[in-house]
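From first to last, the protein sequence lines stand for chains A and B. Each residue of the first sequence is one higher than the last, beginning at 1 in our numbering. Each residue of the second sequence is one higher than the last, beginning at 962 in our numbering.
These aren't lab readings, by the way, just hints derived from the structure by calculation. There's no promise every hint is true.
Said to hold, decoys possible - Listed below are several chain B residues computed to face chain A (Cβ distance under 8 Å; list not exhaustive): (1) Asn1082; (2) Pro1242; (3) Ile1339; (4) Tyr1559.
C-beta: ideal position from N, C-alpha, C; glycine also.
2 protein chains.
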Amino acid sequence: MSHEDFKVQLFRFIDVLPCLATEQMLNDHIQEYFAQHEKVPAVLRFGAKSAGIGGYLGMKVLAKTIRKNIENMALQFIIGNTIPQTVRNLSKLRQRGFAFTLDILGEATVNEKEADSYAENYMRLLEGLEQARSNWSALGTDNSTLDWGHSPKINISIKPSALYSQINPADFQGSVEHILDRLRPVYRKVIELNGFMCIDTEMRAYKEITIELYRRLRSDSEFKAYPHLGLAMQVCLKSGDRDIGLMLDWARQARLPISIRLVKGAYWDYEIAVARQNGWPIPVHTNKAETDASFERCAEKILRNHDYCHLACASHNVRSVCSVLELARLLEVPDDRYEFQVLYGMAEPFRNALLKMADRVRLYCPQGELLPGMAYLIRRLMENTSNESFLRQTYVEGCEPERLLRAPHLSISETAEKPAPERPERSESQSEFGAFSNEPLADFSLPEVRDAFAGAIAEVKKKLGRTYPLFIGGNEVTTDTLVDSMNPARPDEVIGRVWLAGTRQVEEAITAAQDAFQRWRDIPAHKRATYLIRAAEIARTRIFELAAWQVLEAGKQWRQAYNDVAEAIDFLEYYAREMVRLAHPRYIGHAPGEVNEYFYQPKGIGVVIAPWNFPLAISCGMCAAALVTGNCVLYKPSNQTPVVGYTLLQILQEAGLPPGVFNYIPGAGSVIGDFLIDHPQTSLIAFTGSMEVGLRIIERAARTSEGQPSVKKVIAEMGGKNAIIIDDDADLDEAIPQVIDSAFAYQGQKCSACSRVIVLDTIYARFVERLVDAARSVRIGPAEVPANFMGPVIDESAQKSILHHIEIARKEGSILYSSNVPGGGYYVPITIVEGITPEHRLAQEEVFGPVLAVMRAMDFDQAKVWANSTRFALTGSVFSRHPKHLEQCRKEFRVGSLYFNRGCTGAIVEKQPFGGFKMSGVGSKAGGPDYLLQFMDPRTVTENTMRRGFVPVRSEGKWIE
Amino acid sequence: MSHEDFKVQLFRFIDVLPCLATEQMLNDHIQEYFAQHEKVPAVLRFGAKSAGIGGYLGMKVLAKTIRKNIENMALQFIIGNTIPQTVRNLSKLRQRGFAFTLDILGEATVNEKEADSYAENYMRLLEGLEQARSNWSALGTDNSTLDWGHSPKINISIKPSALYSQINPADFQGSVEHILDRLRPVYRKVIELNGFMCIDTEMRAYKEITIELYRRLRSDSEFKAYPHLGLAMQVCLKSGDRDIGLMLDWARQARLPISIRLVKGAYWDYEIAVARQNGWPIPVHTNKAETDASFERCAEKILRNHDYCHLACASHNVRSVCSVLELARLLEVPDDRYEFQVLYGMAEPFRNALLKMADRVRLYCPQGELLPGMAYLIRRLMENTSNESFLRQTYVEGCEPERLLRAPHLSISETAEKPAPERPERSESQSEFGAFSNEPLADFSLPEVRDAFAGAIAEVKKKLGRTYPLFIGGNEVTTDTLVDSMNPARPDEVIGRVWLAGTRQVEEAITAAQDAFQRWRDIPAHKRATYLIRAAEIARTRIFELAAWQVLEAGKQWRQAYNDVAEAIDFLEYYAREMVRLAHPRYIGHAPGEVNEYFYQPKGIGVVIAPWNFPLAISCGMCAAALVTGNCVLYKPSNQTPVVGYTLLQILQEAGLPPGVFNYIPGAGSVIGDFLIDHPQTSLIAFTGSMEVGLRIIERAARTSEGQPSVKKVIAEMGGKNAIIIDDDADLDEAIPQVIDSAFAYQGQKCSACSRVIVLDTIYARFVERLVDAARSVRIGPAEVPANFMGPVIDESAQKSILHHIEIARKEGSILYSSNVPGGGYYVPITIVEGITPEHRLAQEEVFGPVLAVMRAMDFDQAKVWANSTRFALTGSVFSRHPKHLEQCRKEFRVGSLYFNRGCTGAIVEKQPFGGFKMSGVGSKAGGPDYLLQFMDPRTVTENTMRRGFVPVRSEGKWIE
């Protein structure tokens, strides 16, 4: 399998295969996945009598063969898909001298019902093993209840994330507690059977939770006397050495013997992708030899501490295994303090040889249904086809043994001069400020990040209730109207008190801005950009505090609030570079004797009317764009979040903007809104908010009044009624959490939020069941408590409007779920309603709350038509593994931002320029390459360089010979 | 002088020097031109006691020195600036054995008064020579009235273009006649003095006129008996060999002996630049050796025909001269049949050596004022500093004689493998269609082009009066309203009869367009672009006919009409390539595990409301942009030019556009205008026309009506009140014709037309005098007659409005000139009014006719403020040789299209993207890189490519290691 494209298609096909319920689906997918390949690949065809059988019948036979072949491929790695079959196969293994550890394969746990059922499956499995156990004679010794005289016959491995659907690094203690609640009964049963339990390690994000789980369980007074509890630890993580060192220290201090399964780690690609997507340092060794070296170091450390720690050496690498074997002998480690583990179904010649050498070999045996087993299968196939894999190098490519067995530190130094670049691809937007890269998002798996956030909230709480002035022409200004901004979770808590501008202050601000504009527009673009870069630096140092203000004033969850500030920083950094790019005059269409320059100039006075839902990011984006392009700004923050708006003023002021360039004028829309729009001296209105207000602004701004210098430009981002399509082959493990997140995160108060999910009939029942259970599983309460997935909506008026829409939902459809809500704040229930079709108000009106309409579509064409059937065209998403359907949607699902196989919120600056059309906006794209153009007018300057027939060559370069 | 930048600055400084009337001006220019150079260059400083004298006094002395030095430099090449001084110096030359030919240096002839005065100067010069002649003994022989026994002592050279300010290749016969009118008296006087006259050759554009002049004069019954008439002919032209062959044939056939001065040519750089600017084949040899070879071939041809043709071999190239000398001896050409000429003041060692070898050496002696002499000086300096120059290679760089004297054909073959690229720089806009290049403009110096144009007008006249249907959904449609389109030069001549659409037809067209849109938008962009390329090809084959329609329906002059069609073709070709460029999805902001695409989709149904003044180009540009981006179009041509509008339909239909994609719906604005704008199903309005209509469209389009799918986009190009600033150091030779052209070409009916000229006080008198005389010199009459510079305005209503503005002009200012007009058509007088300041209506309102307000500014700052002092910001221009002023204007003269040292009309697609802001438009730029974006909405599609932790490397390339 050397052709990378083919490998991708094959893996994807295997990934989707279990979903292909009908012949038709199977045939369609085969066609779509392998259309470019001359015929269906041999690996799939194997066993079919391909010659002579054509047409429908031939296809039918072929399809059956393919399914069978892939099932067989999966069963090669899975010990059994029923308990009796599992027990049967385990017995065979034991007869051949291998011990086992059992792992139950499962779908992703997307709700608490599934977490319960996962735990329950272990209980049933353990019961099944209990019966078989008496028939198994012990390995390596006769007449013992323990294998090799020391090791329980029954051994299970268990994945913590499957035991709690709401696992969340930000809610560290809550996650640990909830997992323990389900883990304890299982462990109790293991002890009852005198068995062994290993806690598996999964993604790095859960590593600390997993370690904490182990410590809590191991030191639990109920269990501490029982030694058979293991923890899998990964050395492909750069933190591997340290993690293991700390674990050994803990064991010795707690005087509790432990067991560590040392693995290299199965999430290598995933961890790199996640890190890169989030802007984090790559947490894994990017050079395979470094992982191997770490493995040897860690194994040695454990072996040297064998009195406290038992080692399970889990590797298929001959060199790694031999080094452990030799070292254990050298250190005279007793046999009962170490064993070897390999994966069931992999590298059988190796495992047999190992058994001869090492006696104590345990096979890691996945168990369970084929459907959830596919994820496992792919991971194993990846391992077999990775270029770095020892197995591949040994068995497929016949690599010379000297190289494979070389000490890893030698291989490292050999490749040391080629370090993996941290960011090999360069951004479009780069300049003297360097290439643009997104602000890293918060890694809540790090305790220091959690502590910083909690600390910032505590600090901000001390500052509540202060009074904030207007800021006009560089001066603080107060007026005769002072209003309070409240915490939506506690409507009696005043976040801050804000003076409101009247028309007089607006007039003053316009005068100040006009005055400042005369100089600001002529400041070199590079210098204007520098103010933004400086502002970004300031925001970066205050990032937790800025997020904390949003938690309290806007009811944003930790992650949502942090992401908002990170996005604000992204806008500053991106637009700064974009302006530098656009400020270079373009020399176009040369002919000798003339030089043509094309460049841009600002429009004048910009009004920024900002929403409360991304109170810093969107405000900052619109203001930064207007400012860096050379316009002066009148910034009217939302009246729901004026204090967060004031933080923007602070940042820009600290960055040193000259007086009058940026003016902060909170005010009532009814008092100053039209005045700002109608004023002849405002040239530019950047607005984000509702369609009603947006259209009103567009209409008013288009009227030219006496003395108005230019046609006004309106950049309006308005509403959405965004749909996610769930195709018949959608991966629900991915789709369910993404729909929950898109629809309900930040209470559904995003213009990008999913408010319609269009589900294909064939997958409807399964989807809706899992979705509703997932909605049932989330917690609702104040955003400052990280365990709460959902908080209050922004204010009483929003609450009323959403409750009204829930009433409409009750009339138009049938409520699948409507949660309870806590008292006190402006809470509304998470609501899922089915039976909605395009003619319903629930399918057409923007609710701006956690209300999700489920629409059942007969086929994919209907789903597409429905997806496009609103006035809006903002975001959308498709969960599908039909390549053809995705290609169709690329064209025909016409929204500003479309996503495939991920949710429809969370656009990132530069990566997903954001904005829609139809009634969702005027076709601008914030955070994209065309955005700044809207804030400027293009100009050309043509210079005739010919004088008396003399044409300077200089300007044109070599224009002849 | 090896540093190219310095050379440019020095030449430009010398060019401007004669204008520097005051110490202050001189000092300023020295600072501005040489600021980057550590000190004032030695060549300028020479002779100044630079040491020890600082400050103001030092500068004053230095300035004086510089002026003196450059004057001396000029005088080195000029025989005298008064007649007595000229005679004195000529006498000295003759004493040294040199004959002469005298050429009067002059400013460019920008009006008929100057043409008269140029002829008059020759008469006075000849009178001065008449007196001196008797004191001169003949050269080479004693006691003859002729030098060398055969050659007149008095010899003048005369430039035809200086004898007629309206010289125009399109008006070939008229140009010849008018020049002859002034040339005959001069030649009569020459004959009276028994002298010799040579007609100088100038730019290639006038070559045919010049040859015709020679033939007409030579064969004139009054003069044919007198043999002493010469013609300079250039062999740097690729046509040189052929031109000379034809001339020799003519002489032999006409039995008239002739004299040819064989030169290589002084307009080499200029001809290349002009050709490249106009898209013509480069008319000169781009390899110096080719010119040299042609020189030798032509000289031989003449020498072999010495019985009919006298040769004046004019070259400084030693090899060229020697080859003529040797060949003449070989062919035994009598002495009286050839002579040698060199330039006065150049290469004195060479001329002395030549005299010894060849006896008969004549010096070409420019004569006249320093001011107009500067152009000549620069040409000589260029020659001295050109890398290709024989003189430079001989005297400055010490090139080895073998190389310099090598036969030119050997040098050619040596460099033959490196041909000069015809278009070495590549356009921004390129694609599978190849790089964009502008459609070549008409070269009216070619008789076939003139004939084709005249023929097309005759053909079109046969087709007048036909009836034209609407075109909706692929069908021809008639209605109950039929109107006539008239010829504005003959209001009783019907160009065509056009059915007008009512709202019913508009509704039908919208339905047809909506239907077509469903398919058109999904056609690959490349295919849509192909329709445009095909349309361009069709237009190209019909280019003269399409232009002819405009001459008759819109009253456009030949060149104006041709340029309009060429621009239409440019729009088609440019937007086709632009769309291909924009259709490539941009892959942005990659992170592993996700692929982000950014691309555009069309907006829907576009309404194009077109003006009559560029009846094909602007219509075609707006329609092509809308179509190629995937929109369907309702095209409402102007009711003044519906037949030209119909030609656009023909072209697009012939290109094969599917039915309904393009609909032709002429109609009364009062009937269908608002209906089109208000209709909920029109998404896009592209308009070019008046501010009043534009603002009305903008306002109405911003109202969202029931069922409207999207916010309407209006692309509006509106009026202008464009100013040209004439700085105190402006080159009036350039500025006068450019202002005349910008203000009055096509009767001033361009939104880009100059309607204000802001003249600095110090240059005011001179400028205004020359300007008014220039205006006085142009001819007014039907556009179909190419001698007419100006024609009728578009219709009676325009005529009334302009006449009304002339009345206002009379009240507000003082009329400097208001021409007579012919009867019959809708003519208005060319009008120039002075005494206008910004508060006047003449300085604020768009007249859209040939009315120019002259504004007298006290200084450059006032000029800049005045230039910006209108509601409009479309075009502008500055004639200045102050580098600092140009730099200021680049920023501060805020208009869409600004020009330096050329007029403010005639923007070319790609080179000068066109469009303004303030009340001139919405900041779009037709023919520029951002234009198409306005017709589309951007979209992003993000695909999550990660499955089960498996990240395909394919999409991201090598994203790690």
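We went through each hint and held it up to the structure:
Hint status for Asn1082 (chain B): violated, given a least beta-carbon distance of 20 Å to chain A, over 8 Å. For Pro1242 (chain B), the shortest C-beta to C-beta distance to chain A is roughly 13 Å, which exceeds 8 Å, and the interface hint is violated. Given the 8 Å rule on beta carbons, the hint for Ile1339 (chain B) holds: about 5 Å separates it from the nearest Cβ of chain A. Interface hint at Tyr1559 (chain B): satisfied, since its Cβ lies 6 Å from the closest Cβ of chain A, which is below the 8 Å cut-off.
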